[in-house]
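**Student:** Listed below, chain by chain, are the residues.
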Amino acid sequence: MSGFSATLGHRSYEFADLRVLLAKATPLRSGDVLAGIAAGSAEERVAAQLCLADVPLERFLTDMVVPWEDDAVTRLILERHDPVAFASVRALTVGELRDWLLDYDTDAAALSAVAAGLTPEMVAAVSKLMGNQDLILVASKCAVVTAFRSTIGLPGRMAVRLQPNHPTDDLRGVAASIVDGLLYGCGDAVIGVNPVSDSPARCRELLDLLDGLIHEYAIPTQGCVLAHLTTTLRCMDRGAPVDLVFQSIAGTEATNRSFGITLELLAEAHAAARELGRGTVGEQAMYFETGQGSSLSAGAHHGVDQQTLEARAYGVARAFDPLLVNSVVGFIGPEYLATGKQVIRAGLEDHFCGKVLGLPMGCDVCYTNHMDVDQDDMDSLLTLLAVAGCNFVIAVPGADDVMLGYQSLSFHDAQYARQVLGLRPAPEFEDWLTGQGLLGTDGRLVMPPARHALLADPSGRPSSALPPG
Amino acid sequence: MIPDEWSALRAMTPARIALGRAGSSTPTRARLAFALDHARARGAVNEPFAVADIARELARRSGPAVLSVRSAVRDRDEYLLNPALGGRLDDASRAEVDAAAGHPGTAPDLVVVLGDGLSAGAVNDQGVAVALAVGDAMGERGWAVGPFVIVRNGRVAVGDEIGARLGARFVVVLIGERPGLGATRSLGAYVTLDPRPGRTDAERNCISNIRPGGTSVADGATRIVELLTRARAAGTTGVALNP
Numbered sequence: 000m001s002g003f004s005a006t007l008g009h010r011s012y013e014f015a016d017l018r019v020l021l022a023k024a025t026p027l028r029s030g031d032v033l034a035g036i037a038a039g040s041a042e043e044r045v046a047a048q049l050c051l052a053d054v055p056l057e058r059f060l061t062d063m064v065v066p067w068e069d070d071a072v073t074r075l076i077l078e079r080h081d082p083v084a085f086a087s088v089r090a091l092t093v094g095e096l097r098d099w100l101l102d103y104d105t106d107a108a109a110l111s112a113v114a115a116g117l118t119p120e121m122v123a124a125v126s127k128l129m130g131n132q133d134l135i136l137v138a139s140k141c142a143v144v145t146a147f148r149s150t151i152g153l154p155g156r157m158a159v160r161l162q163p164n165h166p167t168d169d170l171r172g173v174a175a176s177i178v179d180g181l182l183y184g185c186g187d188a189v190i191g192v193n194p195v196s197d198s199p200a201r202c203r204e205l206l207d208l209l210d211g212l213i214h215e216y217a218i219p220t221q222g223c224v225l226a227h228l229t230t231t232l233r234c235m236d237r238g239a240p241v242d243l244v245f246q247s248i249a250g251t252e253a254t255n256r257s258f259g260i261t262l263e264l265l266a267e268a269h270a271a272a273r274e275l276g277r278g279t280v281g282e283q284a285m286y287f288e289t290g291q292g293s294s295l296s297a298g299a300h301h302g303v304d305q306q307t308l309e310a311r312a313y314g315v316a317r318a319f320d321p322l323l324v325n326s327v328v329g330f331i332g333p334e335y336l337a338t339g340k341q342v343i344r345a346g347l348e349d350h351f352c353g354k355v356l357g358l359p360m361g362c363d364v365c366y367t368n369h370m371d372v373d374q375d376d377m378d379s380l381l382t383l384l385a386v387a388g389c390n391f392v393i394a395v396p397g398a399d400d401v402m403l404g405y406q407s408l409s410f411h412d413a414q415y416a417r418q419v420l421g422l423r424p425a426p427e428f429e430d431w432l433t434g435q436g437l438l439g440t441d442g443r444l445v446m447p448p449a450r451h452a453l454l455a456d457p458s459g460r461p462s463s464a465l466p467p468g
Numbered sequence: 000m001i002p003d004e005w006s007a008l009r010a011m012t013p014a015r016i017a018l019g020r021a022g023s024s025t026p027t028r029a030r031l032a033f034a035l036d037h038a039r040a041r042g043a044v045n046e047p048f049a050v051a052d053i054a055r056e057l058a059r060r061s062g063p064a065v066l067s068v069r070s071a072v073r074d075r076d077e078y079l080l081n082p083a084l085g086g087r088l089d090d091a092s093r094a095e096v097d098a099a100a101g102h103p104g105t106a107p108d109l110v111v112v113l114g115d116g117l118s119a120g121a122v123n124d125q126g127v128a129v130a131l132a133v134g135d136a137m138g139e140r141g142w143a144v145g146p147f148v149i150v151r152n153g154r155v156a157v158g159d160e161i162g163a164r165l166g167a168r169f170v171v172v173l174i175g176e177r178p179g180l181g182a183t184r185s186l187g188a189y190v191t192l193d194p195r196p197g198r199t200d201a202e203r204n205c206i207s208n209i210r211p212g213g214t215s216v217a218d219g220a221t222r223i224v225e226l227l228t229r230a231r232a233a234g235t236t237g238v239a240l241n242p
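From first to last, the protein sequence lines stand for chains V and L.
First residue of the first sequence? That's 0 in numbering that gives the first Met the number 0, and the numbers climb one at a time after it.
First residue of the second sequence? That's 0 in numbering that gives the first Met the number 0, and the numbers climb one at a time after it.
Keep in mind that the hints were calculated from the coordinates and are not lab data.
Predicted, not measured: the structure shown is a model, and the values here were computed from it.
Here a beta-carbon is modelled for each residue, glycine too, at the ideal position from N, C-alpha and C.
Each statement offered as a hint is correct.
Output of the computed footprint for chain L on chain V, the stretches with three or more beta carbons under 8 Å from beta carbons of chain L:
{"no.": "1", "segment": "27 to 36"}
{"no.": "2", "segment": "167 to 179"}
{"no.": "3", "segment": "402 to 411"}
{"no.": "4", "segment": "440 to 446"}
Some chain V residues close to chain L (C-beta under 10 Å, calculated; not the full set):
{"no.": "5", "residue": "PRO163"}
{"no.": "6", "residue": "GLY332"}
{"no.": "7", "residue": "GLU334"}
{"no.": "8", "residue": "ALA337"}
{"no.": "9", "residue": "ASN368"}
{"no.": "10", "residue": "HIS369"}
{"no.": "11", "residue": "ASP371"}
{"no.": "12", "residue": "VAL395"}
{"no.": "13", "residue": "PRO396"}
{"no.": "14", "residue": "GLY397"}
{"no.": "15", "residue": "GLN414"}
{"no.": "16", "residue": "TYR415"}
{"no.": "17", "residue": "GLN418"}
{"no.": "18", "residue": "LEU454"}
{"no.": "19", "residue": "LEU465"}
Start from the sequences and build out the full structure, keeping to the hints where you can.
**Tutor:** Next comes the structure, spelled out in C-alpha cells:
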C-alpha cells in the first residue's frame, strides 16, 4: 500500500503507512514520545491529521495496524466487523465520519446502529481529529445500557464503583470502607475489591464478605473481587459466590499474553459467568479494565500509538458483552501520560471510543504521585466525563487508595458530580437508598441515625456489617 | 460541617473513612489534610539525593569501597519520562565501575546498590543503616561483600548492570519507592541472583515498605539477609523462590 503525504507551504510531510499516520496524528502524550513514534512538531501533527481526515474508512479494513497473521486481536476485529452496520458510513472518510458523528440527526439510535460496523482503529482515527468538546458531545449522544442486579447507563444517571481496598485484605477493614461508601450513596455499579493477594482462598473470603453484605442488606448491586481471571475461575469451580468475572485486557495478543490471558480463556470465562445466572434484572457478567500505555509497558505495541491500541482493547471487550468497562486512566505513570492535560484528554478519548464502539464505559479518574497531576485535574475530568454521560466512575474513601497507593475519586466527589448535574444513581439502587433513609426525594444525602441497620449492632460492634473479629 | 456517625469504624482501616460532609462535599479539614499529604508526596519525588552524605557515612563505617555514580538520565524530568535510561549507567560511571572490579577470582558474593528511585528521602533516611546491616551480616556469614554503589537517578534495573560489571553473584538494590499519600519515604529492597542487563522483575525478590510505621530498618535488613541466605541455598531468586 502506498503511504501518505501532505504539503504545507514549502514543507512536505511523508507518512509511510496508516500505523505511522495514526501515531503522528495523535495529540501529544509522553508514551508515544517514549516509543519514538510521536510527531516531531506540532505542525507535523496537524499535517498528519490533515492526511488522516482524507483516508476512506474502507482502508481500515485492509490496512491493519497490527498484521492479522501476527495477532489474534486483529483477527477478532476483522471477524466481528459487521458489513451491514457499516453500510451507512462505508463511503465516508475519517474527516467525514467526524462531521457525521456531530450531526444533529446522528442520535443514539443511529450511533447504536453503526457501532458494530466501526472498527476500533476507525474510532481511534476519528478521535484524533476531534477536540475535547467533540469527544464529549458525541459520547453524550450514545446510550449503552447494561444490567445485572442494577441497571447502569440510563440517561440522567451516573453509577459508582465502590472500591473498598485494604492494604492487607483485612475483612473488617474492607467492610468498614463498604459501609462508608454505601452511606455516601455509592456502590451501584459494583462493589469491587482489588485483592492484595491473588490466592483463591483469600479471594474466596472476600467474595463471601461481598455476597453476605449484598444479601443481608438486600442491596441491588453486584460484587467483584478483581483477581486474575484464572483465580476467579478456580473460585467458581469451588462454588464461590461470583457475581462478575473481572480481567485487565489490552489491544494486542502479545500484551494479553503478558497478562496471562488469551481470547479463548476470555470466552471460557464469559460462558462460565453466564452459567451462574446470579443477575436479577440482567445477565451481563463481565467486567474489564484497560489503560493507555499497557502495550508499550509490556513491550508489545508493534509501533502503534497507545490510544489506537487502547481502542483495540475495546474491540476485545465488546466480544464478551460486559456489564462494565473502564480505563484506569492515570494509573500507569508519567512515562505514558505525564500531565493533567494529557490525562484529561486520554480520559475523554477512552470514554468516547468505548461508547461509540457500543461499550458501557466508565472511568477510573485517577493519578499517581510522580505525575504532574492534582485534585483539580481530577475535578475537571470528573466534571467533563459526567457531562459526557459516563456510565460510572470509581470512588474510594477520601480519594486515597491505601492499598494500590494512588489517588482516585472520593465518595464525596461522586456526590458532587451527581449534585451539580442532577444525576441520579442506578434506579434499583436509588430505590434502595431511599428505602434505607439514606437519600432524600430531593436527591440529597441524608445522614443516617446511629441506630441505622448498617451501623447499630447489639453485640457492640461499630457496625453490624462487620464480620466478627 | 456535619461529622459522620460511624467514626468508630476508623479503627478498622487506614482508609479515609467517616470524613464528615459539608453538603455532600469534603469538609475543609479533610481537604487540607489530603492536600498536605499530596504536597509531601510530590516533594518526596523531587527531594535532593544526599549522595555525598551517604558516601561519607558508608566510607566512615564500612570496609568495602564506596562508589558514587549516575544513570544515563540527564535530569529528573527525563528520569520520570524514560524509565529505561534510569536502568543503565552513563559512560563515565561505566568506566568507574569497571575500574573498581577486582581481578578474576576475587568477584564479590554481594554488591549493595543505593538508588534514589522515586523517593530520595527514603534512601537519605534509611539507606545507610540498611546497607551496613546487610553488608555486616553477610560478611559475618563469610560472604565476600563488594563495594557499595550509590546511583543518582537510578531504577531497579541499574543494579543488573552494576552487578554484572563487578562480577557479583547477588545484587541488592535499595531504592526509594513511589510515594503514596500515607507513605512518602518508603524504601524497597530488590534481590537478584546473577545480575545482568535484561533481568526481569520475575527474577527478583522484593522486600518493600521499609519505613517508620511500616517494616523497620532492623526487620527489613533481617528479611534481606534471610532472603539472600535462602536464595543462595536454592540457587535462584524471583518467582521460583517464593514460598
